[in-house]
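Chains X and V, in that order, are what the protein sequence lines are.
Each number in the working numbering comes from the position in the first sequence (counting from 1) with 389 added on.
Each number in the working numbering comes from the position in the second sequence (counting from 1) with 552 added on.
Hints were generated in silico from the structure; no laboratory data involved.
All figures in this text were calculated on a predicted structure; none of them were measured in a lab.
It cannot be assumed that every hint is accurate.
Listed below are the simulated DSSO-like cross-link pairs for lysine-lysine, each with C-alpha atoms no more than 27 Å apart in a straight line [what the hints assert, rightly or not]:
| no. | chain 1 | residue 1 | chain 2 | residue 2 |
| --- | --- | --- | --- | --- |
| 1 | X | K592 | V | K689 |
| 2 | V | K634 | V | K689 |
| 3 | X | K502 | V | K634 |
| 4 | X | K592 | V | K634 |
| 5 | X | K692 | V | K691 |
| 6 | V | K672 | V | K738 |
| 7 | X | K692 | V | K689 |
| 8 | V | K691 | X | K592 |
For the chain X half of the interface with chain V, some residues (derived, Cβ under 8 Å), not all of them [stated by the list, open to error]:
| no. | residue |
| --- | --- |
| 9 | N602 |
| 10 | D603 |
| 11 | Y605 |
| 12 | F609 |
| 13 | T616 |
| 14 | L619 |
Just the calculated beta-carbon pair ranges, DEER-fashion [stated by the list, open to error]:
| no. | chain 1 | residue 1 | chain 2 | residue 2 | range |
| --- | --- | --- | --- | --- | --- |
| 15 | V | K669 | X | I548 | 41 to 49 Å |
| 16 | X | M687 | V | Q694 | 23 to 31 Å |
| 17 | V | Q674 | X | V539 | 51 to 59 Å |
| 18 | X | M687 | V | H686 | 33 to 41 Å |
| 19 | X | V486 | V | G667 | 50 to 58 Å |
| 20 | V | L727 | X | S518 | 51 to 59 Å |
| 21 | V | R575 | X | V551 | 48 to 56 Å |
| 22 | V | G667 | X | V539 | 42 to 50 Å |
| 23 | X | T608 | V | P590 | 32 to 40 Å |
Just so it is clear, CB atoms sit at the ideal spot from N, CA and C, and this is done for glycine as well.
Residues per chain are reported as follows:
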Amino acid sequence: MSTSLLDKADPPAQQAPPEERRQRRNLTPWVLLLPGLLWLVLFFLVPILTSVSASVQTGNFDDGFKLTWHWANFVDAVKPYWRQYLHSGIFSVATTVLCLALGYPVAYFIAFKGGKWKSLLMALVIVPSFTSFLIRTIAWKTILADNGSVVRVLNDLHILTVTSKLGITVGTHVLASPGAVVCGMVYNFLPFMILPLYTSLEKIDPRLLEAGNDLYCSTFQTWRRITLPLSMPGVIGGTLLTFIPAVGDYVNAQLLGNASTGVVGQSIENLFLRKTDGYPVGSAMSVIMMVGTLVLVMMYIRKAGTEDLI
Amino acid sequence: MSSTDVLGRTEGGDLRLAGLTKRFGAFTAVDSLDLTIPQGSFFALLGASGCGKTTTLRMVSGLEDPTAGQIFLGDQDVTDAKPYRRPVNTVFQNYALFPHLDIFENVAFGLRRRGFKSVKPQVETMLELVELGHLAKRKPTQLSGGQQQRIALARALINQPQVLLLDEPLGALDLKLRRQMQIELKRIQTEVGLTFVHVTHDQEEAMTMADTIAVMNQGRIEQLGSPAELYENPATTFVANFLGQSNLIPGTVETATDDVVTVSAYGRRLTLDAGRCRSVSGKVILGVRPEKVQLAAAEADVPSGRNVLSGTVSDTSFIGVSTQYLVKLPSGEELSVFEQNTGREIQRPGAEVFVYWDPSQGFGLDGDQDIEAGAALDEEGAA
Ligand SMILES: Nc1ncnc2c1ncn2[C@@H]1O[C@H](COP(=O)(O)OP(=O)(O)OP(=O)(O)O)[C@@H](O)[C@H]1O
Ligand SMILES: [Mg+2]
Numbered sequence: 390m391s392t393s394l395l396d397k398a399d400p401p402a403q404q405a406p407p408e409e410r411r412q413r414r415n416l417t418p419w420v421l422l423l424p425g426l427l428w429l430v431l432f433f434l435v436p437i438l439t440s441v442s443a444s445v446q447t448g449n450f451d452d453g454f455k456l457t458w459h460w461a462n463f464v465d466a467v468k469p470y471w472r473q474y475l476h477s478g479i480f481s482v483a484t485t486v487l488c489l490a491l492g493y494p495v496a497y498f499i500a501f502k503g504g505k506w507k508s509l510l511m512a513l514v515i516v517p518s519f520t521s522f523l524i525r526t527i528a529w530k531t532i533l534a535d536n537g538s539v540v541r542v543l544n545d546l547h548i549l550t551v552t553s554k555l556g557i558t559v560g561t562h563v564l565a566s567p568g569a570v571v572c573g574m575v576y577n578f579l580p581f582m583i584l585p586l587y588t589s590l591e592k593i594d595p596r597l598l599e600a601g602n603d604l605y606c607s608t609f610q611t612w613r614r615i616t617l618p619l620s621m622p623g624v625i626g627g628t629l630l631t632f633i634p635a636v637g638d639y640v641n642a643q644l645l646g647n648a649s650t651g652v653v654g655q656s657i658e659n660l661f662l663r664k665t666d667g668y669p670v671g672s673a674m675s676v677i678m679m680v681g682t683l684v685l686v687m688m689y690i691r692k693a694g695t696e697d698l699i
Numbered sequence: 553m554s555s556t557d558v559l560g561r562t563e564g565g566d567l568r569l570a571g572l573t574k575r576f577g578a579f580t581a582v583d584s585l586d587l588t589i590p591q592g593s594f595f596a597l598l599g600a601s602g603c604g605k606t607t608t609l610r611m612v613s614g615l616e617d618p619t620a621g622q623i624f625l626g627d628q629d630v631t632d633a634k635p636y637r638r639p640v641n642t643v644f645q646n647y648a649l650f651p652h653l654d655i656f657e658n659v660a661f662g663l664r665r666r667g668f669k670s671v672k673p674q675v676e677t678m679l680e681l682v683e684l685g686h687l688a689k690r691k692p693t694q695l696s697g698g699q700q701q702r703i704a705l706a707r708a709l710i711n712q713p714q715v716l717l718l719d720e721p722l723g724a725l726d727l728k729l730r731r732q733m734q735i736e737l738k739r740i741q742t743e744v745g746l747t748f749v750h751v752t753h754d755q756e757e758a759m760t761m762a763d764t765i766a767v768m769n770q771g772r773i774e775q776l777g778s779p780a781e782l783y784e785n786p787a788t789t790f791v792a793n794f795l796g797q798s799n800l801i802p803g804t805v806e807t808a809t810d811d812v813v814t815v816s817a818y819g820r821r822l823t824l825d826a827g828r829c830r831s832v833s834g835k836v837i838l839g840v841r842p843e844k845v846q847l848a849a850a851e852a853d854v855p856s857g858r859n860v861l862s863g864t865v866s867d868t869s870f871i872g873v874s875t876q877y878l879v880k881l882p883s884g885e886e887l888s889v890f891e892q893n894t895g896r897e898i899q900r901p902g903a904e905v906f907v908y909w910d911p912s913q914g915f916g917l918d919g920d921q922d923i924e925a926g927a928a929l930d931e932e933g934a935a
């Protein structure tokens, strides 16, 4: 019995010394992390450092760019472009708010009333994203075209008269207006709002809502006191997932906007691609957008996070 | 007595269920329940798992719409009232504490929704009552199952509802805490005078706490009465087996007078009080509780006027305070006998014995039922 046990055991000489083995084990997580780390360094850290450094360089494409710590680039990146910053801000905030207002009821309905259709309904929310972003945005040009039925109905109902007075649309058109840009953005980012909302709403135990009902909450009160607080992680996740890409988006402004709806992204593109010496100022604008978004997001999470997320 | 509370409701009145029925598709979970629960009473709904206890409570609280029937609180028909408009609160089987609120806010929830401005004193009193005052700042997930259960109780009780529905509120507690909470619950109920409807499948709990017990089986009330009534005079084999243990002996009625019914079973003649016999002709099931049965080594030792059966001891367990015997009858059936430890000689397995009991201690049931009904369920519930 004891001999057979010994036979099965590895000869001690073939085993690595204990310290070496422990070391190898300690390295394993790093080895596993390596591809990810490499990826981040190559495609995240390097580009960021490049644009930060470019933002304080001077020069042009013909003579090359030199790191001259030219901080005045940042002044040039703000002063002539304040309108674009304003537009980016308004469009992204409006998009986020509208996405929340539209997405919450949809997510709520699917999560609580979807029953066996839940998965199908969620698939329907996501499926349009399988088409190219660009194609979907161009499709909106057709939808909102002047001779289209949408514009006709809106005109017949005199809605465009009101919205044009408010500066949302222009004259009797929808296309080439701030309203069209926000429409496109809301359409494009809505799934990013609905998905996290749905996830957090779906997790809510319906028995908690019954308990609320039992404890003197009407349907609305139950939503206000129980559902809403419990879905806050989804609200925060969804607004971030919508706001962050919306701030940087310029395709919608380009395709659905007009000359006076320019956003920061368009200016950066212009500086990068259509001017020989625009590189540093364009980089400075990118840095401002990045830092600005980061600060806003941090403040937002800070504020929302005090209500103890679950 | 009648007074108006903050919500403008009139207090007072019994809870009455009339023909209350709930069907899920073709399955009938609650079958035409007729029940009156007097105001201020401690009512226990006792039954095996899946017999429709929770469904009944949910209909009373308004969380489930009855398929048919009505619910009255006093003379008010609340069948169609919204749950949040009923002066009824529930302690849920799964606690259902709000995870985003701390313990204090969970308990304060009902009062706040009803617009109370200062809730602190009440909440603190309530938390003291369930002995969890020190946990007021914790979140529900940071509490043990038993603690959560006590908070669920406090959260419902603080509203002083007209009827408090308790869905197995002590299920997660250990035995000691369970006993303690049973006494506490009973005390609270007596003090505040609320109607408690307490659902449980623990028959001991139901017997120690309730004024009235309804034994439920497959969506119907099998029997309703005080604990002693149910124990001494079960109406069906289900109740006889589910509520404590019973020796059930099938037999045939030979003669029946106004006082005494004579039954022949296993070739012997057994008698019982006509008042405790629910069937006085044809087949009958004679029942007797194990602690009412005694053993004798010889038939000569049996006092006169007793019902006697002979058999062989097949199992003896000495428990200290009593000895439990299983006695095998010649027909193969086993009777169980609990004998108090009075210093009598203990019979070993294999011994030939005579079992006997006072005829007034037996009860008679209708012979056309499943003699085993409720027996296995009780073991399941007790486990
Ligand atoms: N929503 C539902 N749909 C279909 N059947 C249901 C539903 N709710 C309950 N039932 C069925 O009704 C019966 C009674 O359920 P109920 O929850 O009232 O049992 P219970 O007596 O409370 O049991 P337990 O002691 O296990 O809590 C069960 O057989 C259950 O499967
Ligand atoms: Mg139940």
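Quick rundown of the hints versus the structure:
| no. | hint | result |
| --- | --- | --- |
| 1 | K592/X with K689/V | holds (24 Å) |
| 2 | K634/V with K689/V | violated (32 Å) |
| 3 | K502/X with K634/V | holds (19 Å) |
| 4 | K592/X with K634/V | holds (25 Å) |
| 5 | K692/X with K691/V | holds (21 Å) |
| 6 | K672/V with K738/V | holds (25 Å) |
| 7 | K692/X with K689/V | holds (21 Å) |
| 8 | K691/V with K592/X | holds (18 Å) |
| 9 | N602 | holds (4 Å) |
| 10 | D603 | holds (5 Å) |
| 11 | Y605 | holds (4 Å) |
| 12 | F609 | violated (11 Å) |
| 13 | T616 | violated (10 Å) |
| 14 | L619 | holds (6 Å) |
| 15 | K669/V with I548/X: 41 to 49 Å | holds (46 Å) |
| 16 | M687/X with Q694/V: 23 to 31 Å | holds (28 Å) |
| 17 | Q674/V with V539/X: 51 to 59 Å | holds (57 Å) |
| 18 | M687/X with H686/V: 33 to 41 Å | holds (36 Å) |
| 19 | V486/X with G667/V: 50 to 58 Å | violated (31 Å) |
| 20 | L727/V with S518/X: 51 to 59 Å | holds (57 Å) |
| 21 | R575/V with V551/X: 48 to 56 Å | holds (53 Å) |
| 22 | G667/V with V539/X: 42 to 50 Å | holds (47 Å) |
| 23 | T608/X with P590/V: 32 to 40 Å | holds (33 Å) |
Violated hints, in rising order: 2, 12, 13 and 19; the structure is consistent with all others.
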